[in-house]
Each structure stands twice: as C-alpha cells, then as structure tokens.
Amino acid sequence: MRPLSPVLASLANVFRIPISQTPTRPAITRITNEALKSSSPTTAAAISSARTFSTTNALLKRKEANKGNQKITLIRYFLYHPLTPRPLRFSRTRYLRHWTIHRAWNLYQANQRRKNELELQRQWQAMQSACEELRVGAGDGGKLFRKSMIKTGVFKDLFPIEYGRLQTEGPSAEGWNHEWKRS
Amino acid sequence: MAHCERASKPLLQCLQKSYTKGLPGLQLQSTRAFQSTARAREEAQAEAPSVPFHKAPDPSLVSSPRLERRLLRQGISPIGSRRRRVALQGSPNIPFEQLPYQCFQEARKVLLADRDEKVRDITAMSEKIARLQALPTAEAGGEQVKKSKLRAMEIHLEHLKILADSNDPLVKKKFEDGQGDMSKPIYRFLADRKWREYRRKILVQRITQMNVIPDILPHCDPSVDTKLYFGRSQVQPGEFVNSMTSTTPPKMDVQLFEGGERLVTIAVVDPDVPNVETDGFDFKTHFLAVNVPISATSTKVDLAQLSADSQVVLPWLPPVAQKGSPYHRLSLFILEQKDAKPLDFAAVKAKETERDNLLLRTLQARYHLKAIGAHLFRTEWDESMYEVMKQIGYNDADMELRRKKPERLPYKRRNPSTMR
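Protein chains in written order, with the working numbering: chain E, 1 to 183; chain G, 1001 to 1420.
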C-alpha cells in the first residue's frame, strides 16, 4: 500500500478516517462490477435463474457483453478518484498574474536562447576568420594553413579528457565520483 | 441587509480593521515605486465621501437590494454579482498593475523592458522607412526593388507593433472583456486570431460543403468577419431563415482586421432558382450595392439604410422558394474594390439592371473585385411563404413543383430462360 502524503494523513486524522484498514485505491474490477450492478439490477436475477438451465458459463458471456470501453472506465476511475487533486482554478486577476509571469518567463528563456546562439555564432565566425587570415595573410601561400588542417593521426596517442563523456552545459548533480577506479 | 452581506460581515469587519491598521503604509510604499499618479488617485478617494453613499450609490460597490433597485430605476445596472460587490467594499482596490506580489512585479519589469526595446525598434524601423521613401528611385535600385523593400519593412513594422503589446495583461483583459479598441493593431490581431480559431472555420466549412464556392465564385478566402442579423436575431452561416423575417433587408456586422478604410461591394445571390424549361437552376441577384465604406472601427452595415442614389444598385428582393423546390442558398459576398477606389455608380446602375442570371463571376471580372468575406443563409417553402409571394407580386405563387416520375424500364424477367 502506498503511504499517504502528510497533508492527507493529517486530514484523515482530523476526520477520523482509518487509513490502515482501507486500501488507498479500491480495485478497478470491483468498481466496474459495482457500476454494472447498479446499472442493471434485473440482469443479475435473470442470470441466476437462467443459470440452472444452462450449461454454458454465463458469467463469461456477461463480461464480454457489458465491459464497455476500458479506456473510458480507466479515465473515469482516475479522474474522479478522491486522491486525485482538484483542478487548478484561479480567479480572474490571479489568472492574469499567472499569465503575466508565464509570458515573462517565456520571454526570458527565449532571450537566453538567443544570446547563447549568437555567442556560438560569434565564436565560430571568429575561428573561421582566424583560419582565413592564416590561409591568406601568412604569406607562405597557405602552407601553414594546409598543414594545420591535416587531421591524420589526431587523437591517436592521447585523447582529450573533455571528450571522454558527453558534453553538458553544467557539472553533474553529484559532482566528482571519488570512488571510481579503473577496473 | 442582503444574505451574503450578513454572512460575510464578521469576516469583512476583521478585514477592514486589518486594512486600516496595516495596509496604508505598505500600499503607499508599493504604489510610489510604480506609478506617479497614485497620490492623486488616493486624494480623490479621500475627498469623495462628502456625499453619503446611500445618496449616490456606486454601481460597482452597491450591495443592498434597496439601493440596487434605486440604481436600476435610474437605468444603471449594478456591476458584477452582489457577492463580488460586497467583497469589493472591503478591499483596498489596488490597480491590477500595482498588486504587491513580488514575482508578478519582477515579471512586469521584464515585460516592460522588452516593450521599451520593441518601441525603440518601432521608431528605428519607421525612420528607416521614411529614409527609404525620401530616397530617389534610381538610387534605391529601381522601382520594383524599392517597392518590395518598402512592403517588407511595413510588414515588419506591423509585426513589431503587435509584439510590443502582446505581453500586456491589461490588453488581454480588455480584449477578453470585449472592450478592445479596434483602431489599435494589437486588438485587431487578437480579434483576427480568435475569429480564425473557430468562426471562420465554420464559415468556410459551410460555404464549401453547400457548394457555394464553386457554384457562385471559383474561390474565396474570407478575411473579414461577417455577421448577419435579421431584425435582432443573428443568423449562423447556412441557417434556414423564415420567409417573413427575410422580407426586410438584413443588417450586417463586417469586422475588418486591417487598418485603413475599404470600399466594398455587397452582393446577395441565389443560385437555386428552378428553371422548368431547361430542367435546371438559374441565378438571381437579390441585392447589389457598391461603394460601401468599411473599416475596423465602423463595422455596422444596414442594407436598408444604404443610400439609394449612390450605393444600392439592386434593392433588396425578399427571397422566395416555390413549394416543392429544393432549398435556396442565399449567399452573401463582400467584394473588395480595387485600390479602395469608388466605382462609377451611374454607370454600374445603368449596366446592371437585370436581376436574373447576373453572374457574380462576370461582375467580379468586370469591376476588378476580390471576394474578402462571405455569408450564407437558406430559405425553403414555409407557412408564410405564400403571403410573401403575394406581397412582392411573384408570378407562380400558386404553382407547386413536382418531380417528374422517371419513365419505367421495360419489364424484364428476373430469371430468364438461360438461367432456368
């Protein structure tokens, strides 16, 4: 059984609802069965009377017929469950304040993204212009540039430690793993 | 004393005390920081109670039924629910943008900074446009280049104007309350978006499903919101209208979503007039008016009020459907005149005198019109149709149309001798 949240537990305490005795969520099959019973009280009697004359499994047949759409049953079960929190409802001004904050946050994020993009673009262009300067302005007919662009044998002897794992924006949550040993 | 007033009295007393004790200082500080007009407002509030409340009740604050009734007799209806008014009586009534919530105020700062930036962009762009316009055509790189550049810059400027105001919560609030000023681009943009979300979809669906689009005009991309009223009741696109109500010309509400004034031609065409001789259907123009001015702020067009000697070419003819004929689609088109130039009314009036078989396609080609709006309603035979026909002097009022029975095929035995 899932433990209740502290708020619910205290509420249960206030309203004297025994927590330990009832399961937190009643089984789905039980609910559907109850719904079926309430929807058609006559069928149960009819079936019980019919069963004495029939050799087929009546329950099996009834299950097939009255199951309904399982998806809808599940949606109803979780939507109207007492543990499902109520929908978020705001007053007019509170909703407008919420909207304002939401828009401002979106704007801030968009500005950040744009700034990062521009910075990357600037760096790439600076590197490219440096390479161009090396190719054209070094006065050796671009020999130095061509030499520097040769990629054979790169990362053969030593490998940059930064490329050992996937590059991320920030450090990991748990920091350095001191216990790690090369196996 | 009203019920809710009685119920909330202890709470209100408690709140009022706490406000008088705690809030003014805090409120003063908070308001000072954001607005310079706050002091004037508070002074006005302090001076106001020279007249007692029961003498001049405020419609947004009145809560007792007696005072409400008095207001109603004066023709002023109280604002909001009584519960809300009672709650407002005890509230400090801080304006929305000064509400003392930290996150909200920080968000407002971000949005205002962004707005300032956008306003700067707008001024820069409009200066740029003015500079380009002042430049001679040869220097700007030819007629076509200059024109396309200017067009692109103007579109960008419009976009910036919308961006500058789109994050304002008060704009959103005003628009949701239906108090938006349609002369401003942001409200036009919001209204257009709202129209395109649902009502335009319905309209396009109706005019395509009922085949108005290929039958009357080959193509129409509605860009103005059109509402049609017979008397006071609005007609949804494609609705059946009682023949008696449609004897009077309808009123229209044509909402343009772009700035500036347009001149439009309004035509009501019925493509379903049965023709017994040819065993087919004819067109009939029930209304035609030219040079109708439309703008984003002046939207109302009453087809009965248009001037007969400068606008109405063919006056309103009540739609009729003979008994036994299928329903008639009365389709209304709003056609934009080229470059917002007025058509020569006398020439049009002299030329278009025949109502029958006047094709809208022909008109469109002849006067360089472009369909920007459409609407549709239907008529069929009903109880009052006979009277309407008598009123307008319809010839075949007593005739009922019948489908001809198809000639029977010669008898053929189901199992011929070859199968037996």
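No lab work stands behind these hints, which were simulated from the structure alone.
The reader is advised that the hints may include incorrect statements.
[Stated by the list, open to error] Simulated DEER-style distance windows between Cβ atoms: (1) E/E119 to G/S1298: 44 to 52 Å; (2) G/A1138 to E/Q123: 39 to 47 Å; (3) E/Y108 to G/D1177: 44 to 52 Å; (4) G/R1083 to E/Q121: 54 to 62 Å; (5) G/Q1236 to E/Q121: 27 to 35 Å; (6) E/L118 to G/R1196: 56 to 64 Å; (7) E/L120 to G/A1138: 40 to 48 Å; (8) G/R1196 to E/Q121: 33 to 41 Å; (9) E/L118 to G/E1106: 58 to 66 Å; (10) G/S1295 to E/L118: 49 to 57 Å.
[Unchecked claim] Chain G residues, not near chain E, derived (Cβ > 12 Å throughout): (11) S1050; (12) P1059; (13) F1096; (14) Q1133; (15) T1208; (16) S1310; (17) P1416.
Positions of the beta carbon are idealized from the N, C-alpha and C atoms, including for glycine.
Structure-based check of all given hints:
no. : hint                          : result
1   : E/E119 to G/S1298: 44 to 52 Å : holds, 50 Å
2   : G/A1138 to E/Q123: 39 to 47 Å : holds, 42 Å
3   : E/Y108 to G/D1177: 44 to 52 Å : violated, 28 Å
4   : G/R1083 to E/Q121: 54 to 62 Å : holds, 57 Å
5   : G/Q1236 to E/Q121: 27 to 35 Å : violated, 52 Å
6   : E/L118 to G/R1196: 56 to 64 Å : violated, 33 Å
7   : E/L120 to G/A1138: 40 to 48 Å : holds, 41 Å
8   : G/R1196 to E/Q121: 33 to 41 Å : holds, 35 Å
9   : E/L118 to G/E1106: 58 to 66 Å : violated, 24 Å
10  : G/S1295 to E/L118: 49 to 57 Å : violated, 41 Å
11  : S1050                         : holds, 30 Å
12  : P1059                         : holds, 18 Å
13  : F1096                         : violated, 6 Å
14  : Q1133                         : holds, 31 Å
15  : T1208                         : holds, 33 Å
16  : S1310                         : holds, 47 Å
17  : P1416                         : holds, 48 Å
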